[in-house]
Amino acid sequence: MSTQQVETASQNGILQMMETMHYDDILNCMRCGFCLSACPTYRETGRETASPRGRIAMMKAVATGQLDVSEKFDSDMYFCLGCRACETACPAGVPYGTLLEGAREVVEENRKRPLITRIIRHVAMKKLIPQAKRMEQVSRLLYFYQRSGLRRLARSSGLMKLLPKSMAEMEKAVPEVASPAARKERKRMLPAKGEKRLTVGLFTGCVMDVMFFDTNEATAKLLSAFGCDVVYMEGQTCCGALHAHAGDKQEAKQLAKQNIEAFEQSGIDVLINNAGGCGAALKEYHHWFHGDPEWEERAERFVAAQRDMNELLATLPVPKMRSLPYRVTYQDSCHLAHGQKIRLQPRELIQSIPGIEYVELPEADRCCGSAGIYNLTNFDMSMQILDGKMKQVEGTKANLVVTSNPGCLLQMRAGIQRAGLEGQMRAVHIADLLYEAVE
Amino acid sequence: MLKPQVAKELKAIVGSNWLLDTPEDCLAYSYDATPLYQSMPDGVVMPGTVEEVAAIVKVCAREGIKIVSRGSGSNLSAGTVPVEGGLVVVLTRMNQIVEIDSDNLTATFEPGVITAHLHREVEKLGLFYPPDPGSMNVSTLGGNIAECAGGLRGLKYGVTKDYIMGLQAVLPNGEILRTGGKSAKDVAGYDLTKLLVGSEGTLAVITEATAKLIPLPESKRTMLASFRDLTGSARAVSRIIAERIIPATMEFLDNGTIRVVEDFARIGLPVDMGAILMIEQDGPESVVERDIQRMADICRKEGAVEVSVANSPEEGAKLMQARRFALSALARISPTTILEDATVPRARLAEMVEQVNVIAKKYGVNICTFGHAGDGNLHPTCMTDERDKEEIHRVEQAFEEIFLAAIKLGGTITGEHGVGMAKMNYLSLKVGETGIEVMKSLKQAIDPQNIMNPGKLFAKDTRRRVVIGGGAAAEQSVSHQHGNGCECNEHTAG
Chain Z
1 MSTQQVETAS QNGILQMMET MHYDDILNCM RCGFCLSACP TYRETGRETA
51 SPRGRIAMMK AVATGQLDVS EKFDSDMYFC LGCRACETAC PAGVPYGTLL
101 EGAREVVEEN RKRPLITRII RHVAMKKLIP QAKRMEQVSR LLYFYQRSGL
151 RRLARSSGLM KLLPKSMAEM EKAVPEVASP AARKERKRML PAKGEKRLTV
201 GLFTGCVMDV MFFDTNEATA KLLSAFGCDV VYMEGQTCCG ALHAHAGDKQ
251 EAKQLAKQNI EAFEQSGIDV LINNAGGCGA ALKEYHHWFH GDPEWEERAE
301 RFVAAQRDMN ELLATLPVPK MRSLPYRVTY QDSCHLAHGQ KIRLQPRELI
351 QSIPGIEYVE LPEADRCCGS AGIYNLTNFD MSMQILDGKM KQVEGTKANL
401 VVTSNPGCLL QMRAGIQRAG LEGQMRAVHI ADLLYEAVE
Chain L
1 MLKPQVAKEL KAIVGSNWLL DTPEDCLAYS YDATPLYQSM PDGVVMPGTV
51 EEVAAIVKVC AREGIKIVSR GSGSNLSAGT VPVEGGLVVV LTRMNQIVEI
101 DSDNLTATFE PGVITAHLHR EVEKLGLFYP PDPGSMNVST LGGNIAECAG
151 GLRGLKYGVT KDYIMGLQAV LPNGEILRTG GKSAKDVAGY DLTKLLVGSE
201 GTLAVITEAT AKLIPLPESK RTMLASFRDL TGSARAVSRI IAERIIPATM
251 EFLDNGTIRV VEDFARIGLP VDMGAILMIE QDGPESVVER DIQRMADICR
301 KEGAVEVSVA NSPEEGAKLM QARRFALSAL ARISPTTILE DATVPRARLA
351 EMVEQVNVIA KKYGVNICTF GHAGDGNLHP TCMTDERDKE EIHRVEQAFE
401 EIFLAAIKLG GTITGEHGVG MAKMNYLSLK VGETGIEVMK SLKQAIDPQN
451 IMNPGKLFAK DTRRRVVIGG GAAAEQSVSH QHGNGCECNE HTAG
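Chains Z and L, in that order, are what the protein sequence lines are. For the first sequence, the positions run 1 to 439 when the numbering used here is used. For the second sequence, the positions run 1 to 494 when the numbering used here is used.
Simulated from the structure, these hints should not be mistaken for laboratory data. Quick caveat: nothing in here was measured; it's all calculated off a predicted structure. One should not assume that every hint holds.
To be verified - When the alpha-carbon atoms are kept at most 30 Å apart in a straight line, the in silico BS3-like pairs for lysine-lysine are as follows:
1. LYS318/L with LYS341/Z
2. LYS391/Z with LYS161/Z
3. LYS124/L with LYS391/Z
4. LYS72/Z with LYS194/L
5. LYS443/L with LYS3/L
6. LYS185/L with LYS161/L
7. LYS320/Z with LYS391/Z
8. LYS126/Z with LYS184/Z
9. LYS124/L with LYS185/L
10. LYS362/L with LYS389/L
11. LYS124/L with LYS194/L
12. LYS320/Z with LYS221/Z
13. LYS8/L with LYS72/Z
14. LYS301/L with LYS318/L
15. LYS72/Z with LYS362/L
16. LYS161/Z with LYS193/Z
17. LYS318/L with LYS391/Z
18. LYS301/L with LYS397/Z
19. LYS391/Z with LYS172/Z
20. LYS212/L with LYS194/L
21. LYS408/L with LYS460/L
Model the full structure from these sequences, guided by the hints.
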């Protein structure tokens, strides 16, 4: 190539990079630093590279070719929890979550992972999570592991010590999964109890439906109690949030297309999800397909139909509830609070249950450290954040911690164990608590 | 890059975790909150004690390495941009409140304490530390001291220098200096405390400070007055002061600012109004009540369309919080937001506001104005795009004219942000050549090697500067270069 050709090629490369990294939005960061005090990793480390402002500065430098996509850049981008608390704090309206996804996309395109990591990722992200049948098999395996005595053996034999510390710790928090028989019983439609108000679809999620099948069931019954016909939408798959957060936008978009098609064929007007993280992704599909002539409009229609469970229930008349004798506190799901701006509704719903004594958790909207698979990939920081969170939780003297996202729920369970609070406190999903009251 | 031997020595002082010298780390400490300025340091160090700071400075003095000390980097004068490279000394790890002395009404703290954190701790004891810069939830007290930060309560309570009674600081030779102390009366020798407050990191690294506290006012009320036009609100400000009322806070927002703040904070500001005043009075309840009534009357007489008093302290706090977002919220309008800090004697406020509008029109640039009306401290803020070089040039010309206008009205080039790099070309306008010479001699005496925050305060070249007064029209000879002469503007490691 001639010098000119090389220059043009590298210029095209930079332009491409700028687009992937949303350069225009990067420029909107005016570096005021208001995000610093909202950022969990900055608060723990005090380092600018672990702050939103610092990360955006590094993104800007990478986008313009001033900084390489180095190992340090890679680890700094993945050191972020992606909790988006900085978006709430940012007066300038910088869409940090989008910037982070773009930066991770660039990292994934430019950095080679070790073979083993690539295999695990490939299997988990492409062969497992998006495929309902295989997830079903996983749930059977998990059921067998938990009920056959294998788990007891694994824990008592010290086999767990062979696992990385992070996996072993989180394994303890995995709930008892539902039996294959219980799964088979699920009907395609659950009619409204009493006066019917509307028909809704239920987005069951991937991990959610394996680990928290019962919570999905409770959500459906709860919606029914609030006067909804509930349809389990056929052909749905994983929302793609995990993929997008891991920089695999292509796979995320594939999954999104499948969900949009399933939604279009279902004829449903309103689609309910009960996981803050999934919900935030489902509501951002139109950004994923921005400028795509075939998909942008379809994605917009899909997005318009999305409701978080709390968001919908708060608009419906509350059915008769029985009194529950709990002292309850609520841990926000980051992607529900910062991503979807849904904060009041879950608090109001909890407080609508008679007998409940509600106590607000200080800094409830500060990330618990779960953050997708962050508690596995950045175990030490995750646990440092969790331990700080548990001190505040313990201070509320609640005996029930309510969450709105499966990841947060697992993390809070792990936190209760780490803090030695098992006898005094449980963590539950808000759907389970509400269902207990209307049951 | 630091020399390997130096890096090794610094690691031995602070521990290997706290010396950061990758390109990524250096980049993350190459800027502060000032747009258009960026420059790479050679390394970053995060000391935990004054002894470590002293040891670091001794190494730097021996090696001739430049030092830029900093906290959260929220300043708006490019005061912490390492324009000549060297070592950035980050003081955020030194973040302990050493003592709150309720008998002497003082607080002693390390430089990395977040300003709002000190507020909360002293207020728990019924005490009050008034300086409250807009960025107080982020900014460190060390940074406030270095820049002599002001804030929303400046009108009644003054700025940082009015509260700092004593300092511990590390001099450019690595010696530890103590100045002042807890004695309310202390006139022994030169006032080195006052000299260091506002010295912008050019004389020493501040490692501890003792501040005066006052009793927490027993009550507080907040009021919002809406005006159709700018001049009405400015007249109201002048009248309130003329009537001998000194409110704790009197903040001014023009229409453009009202809109963006409301867009972010959603607290029901009147987006169709030309300007609003946010007024707060504190003190004994009866006095507060009387002052609020009187100020409401004055506002109405000067054309306020609506005057409303916050129903609860929470509602009032929300209003004031919203005001703190003004600058950053303006960034929603365009990629680059350049804020200035022109200040005039408060009686000239209306004239200054008018002038800003005339100048913005003349240069065809988009300027919103908000600020601390009560103390005459305005923040004309320009929404622009750093990629549009031609427009940036016009923005700089406009700001130059705004400074000149402020000086002509008997004001100053910075009310609370400091000079840094952003305004070093204009310092002589305010202090005169003699003032510059005295300041330079002080700098030379304390820091003969010029290692402490070089390239700040004093413009490098001997450009002819505008001559003010003498009846002659202001003469501007040198165009204000992009980045105010920061020649390494935006240079970063490749």
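Q | Violated hints, by number in ascending order, as checked against the structure | A | 4, 7, 15, 16, 18
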